[in-house]
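Asks: Fit chains A, E and C to the known structure of chain U by using the hints.
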Amino acid sequence: MSGLANNLSFYLVVSAIMFVFGIVAALSRKNTIGIFMGVELILNAAALNFVAVKLLQTKAAASPTQDGAIFSLFIIVMAAIEAAVALAIVLRVFGVKRSIDPDGMARLRG
Amino acid sequence: MTTNISLALLIPLFPLLAYFVQVFVGKRLPRMGDWVSLGAIFLSFVAASRIFLSMFNHFDPAWVETWHFTWFDLASLKTPFKLEIGVRIDNMSSIMLFMVTLCSTLIHLFSTGYMRNHHGEPEDGYRYASFFAYLSLFTSAMLGLIISDNLFTLFMSWELMGLCSYLLIGFYRHKISAANASLKAFMTTRVGDMGLFTGMLMLFTLPLANGQALGSFRFDDIYAAIQSGQFNFTIGGFHAAAVIGLLIFCGTVGKSAQFPLQVWLPDAMEGPTPVSALIHAATMVAAGVYLILRMFPLLEVGGVLTIVAYVGAFTALFAAILAIKQNDIKKILAYSTLSQLGYMVMAVGLGAYQASFMHLITHALFKACLFMSSGAVIYAMHHEQDIRHMGGLRKKIPITFACMFIATLAISGVPMFSGFVSKDKILVAAYAFGILDHSQHFFIPLAGFLTAGLTAFYMFRLIFKTFFGEPHDHHHYEEAHEVSFNMFVPLVVLAGLSLSVLFTGSLTGGLLGEGDFILKGANNWFETLVTNASFSAGHGEAWHEHLHHAHMPGMILSLVVASIGITFSYLVFGAKKISADKLAALWPSFVHKAIDNLYFFDWFYIKILIQKVFMPFSSFCAIFDDKVIDQGAVDGVKNVTQATKDVAGILIDDVLIDGLLVDGVGGAMPSALGSTLRTLQNGRVQRYLLVAVAALVVVLIWRGF
Amino acid sequence: MKLIDIFTLLIGISTVLTSSIVAFHPNILYAAISLTFTLISVAGFYVVLGADFLAAVQLIIYVGGIIVVILFAIMMSENIYRARFLDQARKYLAPIVFSTAIFWVLFKLISKTQFSLVADPVRVPISESVGVALTTLYALPFEYIALFLLVGLVGAVIVARPDYKEIHYKDEGSSK
Amino acid sequence: MNCVLSWITFFPLLGILAILFVPKGKDDIVKWISVGVTLVPLLLAIKLTTLFNYSVGGFQFVEKALWIPSLNVEFHMGIDGMSFLMVLLATLLSFLCIFASWNIKKQVKGYFSMFLLLHVGMLGVFCALDFFLFYVFWEVMLLPMYFLVGIWGGERKEYAAIKFFLYTLFGSVLMLVGLLALYFYSTGPNGLSPATFDLAQLSKINWSQYTLNFFGMTLPFDKAVWVLLFMGFAVKVPIVPFHTWLPWAHVQAPTAVSVILAGVLLKMGIYGFLRINYWLLPQATQYFATTLAVMGVINIVYGALCAMAQKDLKKLVAYSSVSHMGYCLLGMAVFTAAGMQGAILQMFNHGLSAAMMFMLVGILYDRLHHRAIVTTDGKLGFGGIAQKSPIITAAWMVAVFSSLGLPGLNGFISEAMVFLGAFPVYKTLTSVAALGILLTAAYLLWMVQRVFLGPYVALHKDESGHYHPAGEIPPIRWNEWVVLIPLAVLCLWIGLFPQPLINIFKVSSNMITETLR
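Respectively, the protein sequence lines represent chains U, A, E and C. Just remember that my numbering sits 18 ahead of the position in the first sequence, which is counted from 1. Just remember that my numbering sits 156 ahead of the position in the second sequence, which is counted from 1. Just remember that my numbering sits 80 ahead of the position in the third sequence, which is counted from 1. So in my numbering, spot 189 of the fourth sequence is number 173, and the numbers just go up one at a time.
The following block holds chain U by itself, in its conformation from the complex:
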């Protein structure tokens, strides 16, 4: 084991912590945007794992293409779409209800 920067477990643990905080945020936030931010954390944790494994794990590193980076790229694009749509919905709901408490959206009619 040569140094922290080359220690895969470190990255994995940090991303696990991010993931867990993301879950906590998504589950406990009273604000829809808060939930959304939690989801962003979860996505970033996953993306980080991809890149770390690609660089440091033997079999993954042997692959000629940059798979980890491409998957992370896709995740970022997904996150961008999600952000656009989710925040549009949030604004729309707020316009109707003057609140973005997710429990207030339990009713499906406007």
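Honestly, I wouldn't trust all of these hints.
[To be verified] Which stretches of chain C does chain A cover? Using the computed rule of at least three CB atoms under 8 Å from a CB of chain A, they are:
| id | stretch |
| --- | --- |
| 1 | 419 to 428 |
| 2 | 478 to 487 |
[To be verified] With the C-beta cut set under 7 Å, the calculated list includes, among others, these residues of chain E facing chain A:
| id | residue |
| --- | --- |
| 3 | A174 |
| 4 | F178 |
| 5 | A181 |
| 6 | V185 |
[Said to hold, decoys possible] Derived lysine to any residue pairs resembling SDA-like cross-links, with alpha carbons at most 20 Å apart:
| id | chain 1 | residue 1 | chain 2 | residue 2 |
| --- | --- | --- | --- | --- |
| 7 | C | K411 | A | L362 |
| 8 | E | K192 | U | A34 |
| 9 | A | K481 | A | E540 |
| 10 | E | K188 | U | A34 |
In case anyone wonders, no lab produced these hints; they're calculated from the structure. C-beta atoms are modelled at their ideal positions from N, C-alpha and C, and glycine is treated no differently.
Replies: Leaving out everything else, chains A, E and C in the frame of chain U:
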């Protein structure tokens, strides 16, 4: 199928057709279709007369024509089971058919007047049509009962009559009392019917002495089995025929309103008066007696005749006592009916089935006359039924008075009238049985003779209070007028039929010896024809011997008690030589209390048995069902599930049902979803996520991490 | 310990701290700003891991795009002058229990697994190889995600668009 | 006429498909489509009466195909006389119920789709000859029922629907265990290979040769499985301790669903007993016969007593169903020709009269918006209806008297048959059951007296739940006529000429009886 059988099949069919016509198009026909019912029953009457004449042509006690077919057959190769039904015409049913169709025709005719108001318009619109529909259905059922050659169709007709009785008693349906009375009548008779039905089940299914079940309800098969001694086995230590016979007798007790199920008949007077005449005096209540006449051999073999006699005697005496204190004209007649039915049942119990049947017929005719006369009085008095408000009516409604007087003479047992002949035969039989033969049963003749005296007394009380003396209600009195043609013709016909000569062929009932029979070739035709050679001798040879000896003393005694009754009644109510109040004061107060409360039967049945025992028990069951089984056991289990709901409940309800089934199957109804599963599925995104995470944890841990 | 290791450690600490603020800070605005730093930290990780192109994308799209959109959303949906950004989460218990459980499971998993690590990882710029891969092997997914992005953006525009008809109708109704 | 049973069973699926494409708001089209797709199975079933061979006890119109090869599950359908009678009943009532639900306003498309799905489940249960298929149909039926009660029901529909669901699920799960036990043991020593769900093959195995070990106890296999299956069917019948879902479901369900529930679904329990328990496990059936008879008598008397105390009209009718199903149990527990056929005929008859009664309760409810014989504040909720609506009253009378066994109407025939069959075997029990006749008359006529007779005091319940005196009661509408007339005519027809109907199931019923005797 002989002519008579075809005719017999037609007889109940005509009124049945009339029923359907009346039900569906009755109110659209001219005159609300009363002529349909009347015409139908008249056709039946014609057919019945044809059979009646054919009976005279045969003039053979053993004359019988039967025809039957298999109604339904459930048999497989190994287990035979079929139900045969059919028609049986013999002397008894011919006479009965004639009587019922005649009475029914006259009562239909009477109803065309009675059920209209004084301007000749039908009362209460279409109800007039329904009235005739029910009458037709009733007549059809009664006639079906008479021609039945088996207990099964007899029972069916029996129940149908119960239905018609129910509908007709409750005919004035805006009255609570009428509704109560109809329910009471149906339920009380149904109690008896349960016994009858159980008896029928035993008769049909129990293995007889030869090890085979009878497997038939036909009278012929039953008689054959009785004669070959197949009923000589025991049920629970008792003679089989006795058990079955008594159970069947339960049916009679209910239908003919015998002690202790007599409570319904007086209340049944809530119905229109023609109904009281037809159903609750002339025909339906007599059907109970007809049943035990049919099943007489079974009762005889079982040796339960004495019990039957006691039930009849009790009913006769105690109903007569009740009749004395009544003031409602119809109630008096109702108790008198009870009492006379008691006579008939008593006569069957004494083995004098001919006398019983004869009394059935004569009673039907004169009681129909009495009821319709009372109906005419009520109609004339603008629906006033209390005899204390009447008086002096003989001048206003002379024809009605004459008819009612004749019928009263008949019921009181005055010679020359039909009641004398039939009642005399019963009393003679009672005398022979209770005094000469078995002196320990002295109660039966005692009750019989006492009742005869009381009958004369209360019937003449009715006559005196209604038709003689001063009018008590001048307003009604002035308005009273003789009823119309279609209402008094039936009275006249029935009054004419109350003459004894028609039944005995003799003006004096053979009192002066064989020579005075005026209808040649028909000497004492009734008893001759009804006597059934296959019925054995009631209470044995000695009894027959005694019967002969009893003839003269019995007749004299009955004449004496009747004249005492009439005289006494005249003194009290006619001439007013004796004060009725003082007479009443002679009796201790508990007697009055008992009579006023109808011997506490109604109190016991309704206040104790139903309200204190039965209804609380039923409520207990319902509460038990709701609180213990439903909420305790079932919801208790559900509460356990509730406790684990956060994990498992949500998982099943939200994820499985909601996600898979509903979204999968019923995607077309999102808002419906919301309302159904609101309690389970709250629409909270975070909760879904929580469940997903929880599931992930569970899965991971379960996989061994 | 080399410089890069210290750098990595610092980024790690920063990530954990800022993401914990995202999860727990009652003020949603602070959480959003903290999320910015988390995302910058993740970009730092990408740099450490030699994914230069990805780090750039992370900074441009996430920090430059998404975070700005989030902040806008917060500003527009909450009344800024009344400082109602407070977001006290009500139910921490179940989320924390489950999250801890998951973390524990993940940690056990990571610590127990024997990774076969590359002895000397080569950190070379990846932009070129990513570009080649996206136009050759991953061409179809790339097109697909592009289409997806387009649809998502158009959808977002439609959803967020104010309903003029409704407003017009309402005005008519109130004027009566 | 190939695959006629499949046509009868699955034809309504076409209706569901068609309904999905009906544009919103065209409710009448949805209703007429439903009428059409239920009429076709009815006509097919009636056509079958001419093709059916009445002298054969075995299965006819058999369809057989391998469905799931890996489990040896077959798509095996066929009818004998008994199931044919049930097919007739179910197709008839489904057809009539479309008219009974004519004034459904809410979610019309969803309602009728669910109803047609229910039809598929019911008919499938009566036609299936493969236990797995039977079970699948059994469960298919559960789902639409749950929604029909839960969405279109009354005030406490969710509670009723959940109760129904949990009860039935409880029964089904036990049944599933029994089903699997039979499946896995069917390969046992001198059994079949491979394991099968085919009822005909399962019935050939002598199940009493196996034993089960259950927590150290050694249980006879057939009796244990009998009890498991019994629980599944007992919930549906319902037999007394498992019956409390029924009043709830009935009271909360919309009219047509109550009609189907009473008319067909309850019969499926009895049908299940006869088809599965009696056929596969005859020795266990004989062993439990007395238990079954005792339960039947308890059902009769207890149901009647509970009905007596009910203050809700529909609950009263629901408990009367519990009571009437007792006659079926008593009749089939005795293994005599009359008893068994009486039980089967009683199923049909109760299907008619209960359907009619629930329809009539619905008719009153539509007009007065409540069902309380006695309201919560102790007043009569109805009273003297006969004066205002003689036609409704007349229809009630037919239903009531058919139900209480008045001769000339259908109920009497089957009850008399049951009693005639049961009396030689269980004398005391049958005599106690005869009390039921009395009690039935008592509660029904008492109800008639309070609701229809006496002075006119009928109340109307408004939206806010307050009662106030009702004015005129609207006359019967055409769709209600369509439901009532066929039922009334059939009641009368069976009461007078039962033999044609008896012929349908006579031979197959006697076959069941003779294997058990």
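Asks: Which numbered hints does this structure break?
Replies: none
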